[in-house]
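Just need the whole structure built from these sequences, with the hints factored in.
For reference, the chains in residue letters:
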Amino acid sequence: MKDSVTTADGQLTISLSEKLTFEDHNNFRELLKLVTSSEHRNCTIDLKNLDTIDSAGLGMLMIAFETAEKAGMNFQLSKPQGQVEKLLEISEFDKVMNIIH
Amino acid sequence: MTSLDIVEENTEQRSLTGHNVKIKNARILVVDDSDLIRELIGACLMTDGYYNICYAENGRDALEVIDLETPDLIILDLEMPVMDGFELTKELRSRSDTAAVPILIQSGRDTAADITRAFEFGASDMVVKPIKKFEILARTKVHLEHRFLVEKLTDFHDRVANELEQARRLQLDICPSEEELNSFSDLYGINIGWHYEPSSELGGDIGGIYPIDETHIAFYIADFSGHGVAAALNTFRMQSWLASAAKLYTEPDKLLFHLNNFLNKNLPRGSYATMLFGCIDIAANTLNYASAGTQPPLVNNSDTTDCFELRSSHGMPLGLREGWSYDLKSEPFNPGAKLLLYSDALVEVEQTPGQFLGDEGLLEEVNEIWSSKDLTDKERLPELIRRFHIRAGKTADDDLTIICLEHLGFNND
Chain C
0 MKDSVTTADG
10 QLTISLSEKL
20 TFEDHNNFRE
30 LLKLVTSSEH
40 RNCTIDLKNL
50 DTIDSAGLGM
60 LMIAFETAEK
70 AGMNFQLSKP
80 QGQVEKLLEI
90 SEFDKVMNII
100 H
Chain A
0 MTSLDIVEEN
10 TEQRSLTGHN
20 VKIKNARILV
30 VDDSDLIREL
40 IGACLMTDGY
50 YNICYAENGR
60 DALEVIDLET
70 PDLIILDLEM
80 PVMDGFELTK
90 ELRSRSDTAA
100 VPILIQSGRD
110 TAADITRAFE
120 FGASDMVVKP
130 IKKFEILART
140 KVHLEHRFLV
150 EKLTDFHDRV
160 ANELEQARRL
170 QLDICPSEEE
180 LNSFSDLYGI
190 NIGWHYEPSS
200 ELGGDIGGIY
210 PIDETHIAFY
220 IADFSGHGVA
230 AALNTFRMQS
240 WLASAAKLYT
250 EPDKLLFHLN
260 NFLNKNLPRG
270 SYATMLFGCI
280 DIAANTLNYA
290 SAGTQPPLVN
300 NSDTTDCFEL
310 RSSHGMPLGL
320 REGWSYDLKS
330 EPFNPGAKLL
340 LYSDALVEVE
350 QTPGQFLGDE
360 GLLEEVNEIW
370 SSKDLTDKER
380 LPELIRRFHI
390 RAGKTADDDL
400 TIICLEHLGF
410 NND
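As you go down the protein sequences, you meet chains C and A in turn.
In this text, residue positions in the first sequence follow numbering that gives the first Met the number 0: the first is 0, and each later residue adds one.
In this text, residue positions in the second sequence follow numbering that gives the first Met the number 0: the first is 0, and each later residue adds one.
There are no misleading hints in this set.
If the Cβ cut is set under 7 angstroms, some of the chain A residues that face chain C in the computed set are:
| id | residue |
| --- | --- |
| 1 | Gly225 |
| 2 | Arg268 |
| 3 | Gly269 |
| 4 | His313 |
| 5 | Pro316 |
| 6 | Leu319 |
EDC-like mimics (lysine to aspartate or glutamate), calculated; alpha carbons at most 20 angstroms apart, straight line:
| id | chain 1 | residue 1 | chain 2 | residue 2 |
| --- | --- | --- | --- | --- |
| 7 | A | Lys23 | A | Glu68 |
| 8 | A | Lys23 | A | Glu150 |
| 9 | C | Lys85 | A | Glu349 |
| 10 | C | Lys18 | A | Glu347 |
| 11 | A | Lys253 | C | Glu91 |
| 12 | A | Lys264 | C | Glu65 |
| 13 | A | Lys89 | A | Asp66 |
| 14 | C | Lys18 | A | Asp343 |
Derived from the structure by calculation, the hints contain no laboratory data.
Remember, predicted model here, so these are calculated numbers, not experimental data.
Built from N, CA and C at the ideal position, the CB exists for glycine as well.
Structure follows, in structure tokens:
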């Protein structure tokens with residue numbers, strides 16, 4: 000997993016690329032600290048460059064959503080592609096959180 | 000806090016002491032044709048606390064001593080009449096019980112050719128005569144420590160491997176047996192093909208069949224996120240929950256609702272299981288099921304096209320969201336109808352480099368196999384598995400489960 004973080008006008012954007020898998024859970028936990036400590040009202044995880052995700056990765060996205068939910072932030076996943084989009088769809092994540100296609 | 004520190008320190012000291020005692024108890028064999036050198040080396044070792052020392056005059060003598068009890072270290076001269084040090088080293092390395100015993104060569108021969116030859120034959124280390132007490136003691140200690148640590152590590156590794164193997168067997172044991180499957184065919188006119196193969200490590204696949212009453216039979220397939228021991232233990236947790244939830248077997252949507260809440264309470268955050276739970280009513284010829292993000296099942300409702308079709312398996316994976324509800328799906332399941340359930344390993348294999356088989360690829364393949372006139376009905380599932388193995392190679396890194404249910408009905412002559 001590679002990530003980049005941008006912030007602007009109350010908006011926290013975390014962009015993920017390559018793979019999101021079990022190996023990334025420590026890095027991802029660090030990223031979540033940004034969500035809990037941030038003053039921003041909106042959090043977007045940009046998935047447009049994420050190629051694949053495994054079962055652990057899917058769990059991490061749910062944890063990210065719940066973390067933002069608890070912090071009272073708006074949360075969305077942005078532009079999932081290919082296998083990532085398919086797995087989110089089959090798991091009905093769109094019924095829980097906002098997914099922008 | 001302080002008392003805990005003391006306890007830990009004591010434990011460490013004790014295990015260190017235990018280790019040192021083990022080293023000092025080590026059996027050391029000294030092989031040299033010179034009485035003087037043997038005594039000299041023996042005396043050196045004794046000054047450092049070693050006492051379990053035995054001696055031999057040449058290679059052949061040494062073999063006799065070794066046959067009585069394998070030593071932990073051999074200090075060996077190279078030039079000896081009767082069997083020399085090179086020959087003895089070669090012999091010991093070829094025997095399974097002595098292949099790993101450290102051999103410390105002590106010799107006056109120190110040409111590059113001799114040293115090379117000794118190491119080629121399997122010597123562990125070398126000291127050059129004249130014997131220097133501190134050198135020989137230091138090397139003795141290093142090789143004994145190494146030997147005991149490797150032994151300990153190997154024992155630990157073997158124990159863990161053994162336990163994992165037992166766990167794998169337990170997972171295999173909870174699959175329905177051939178006899179059970181045959182009995183379901185007799186009782187319900189439902190023919191069930193079952194294939195489960197655990198990956199090289201433990202995995203999180205599980206499946207099962209529950210006969211309910213004369214006209215209802217339930218089944219499920221599930222897969223826990225992650226791999227290894229934790230995922231495997233979760234399969235047992237799910238199995239015991241299901242065993243106590245018999246009243247829900249005819250209501251798959253409610254069963255998933257309750258199981259989801261149970262897993263949500265009990266699994267670590269972010270862990271989950273995908274699942275499809277279904278129930279066939281052979282009197283009404285219907286199939287009811289509910290799904291939580293498994294692989295899309297393949298259904299062949301022979302009435303219409305005699306082709307398999309993909310069905311939606313959408314649903315929130317179990318354990319992720321508390322209080323989530325699941326839809327009940329229902330469709331006709333007349334005699335001749337077939338249902339194929341499978342874990343993701345089956346479709347997550349490369350068909351061509353970089354190109355995965357996927358659901359659609361599987362659908363095409365299953366339709367081809369199930370309509371082939373060259374195969375008997377019994378040969379179709381094995382053919383699907385055979386093709387999987389050609390793609391995945393011998394060692395798949397994920398569990399594979401395939402369950403194939405076919406409604407035979409009782410009216411076939």
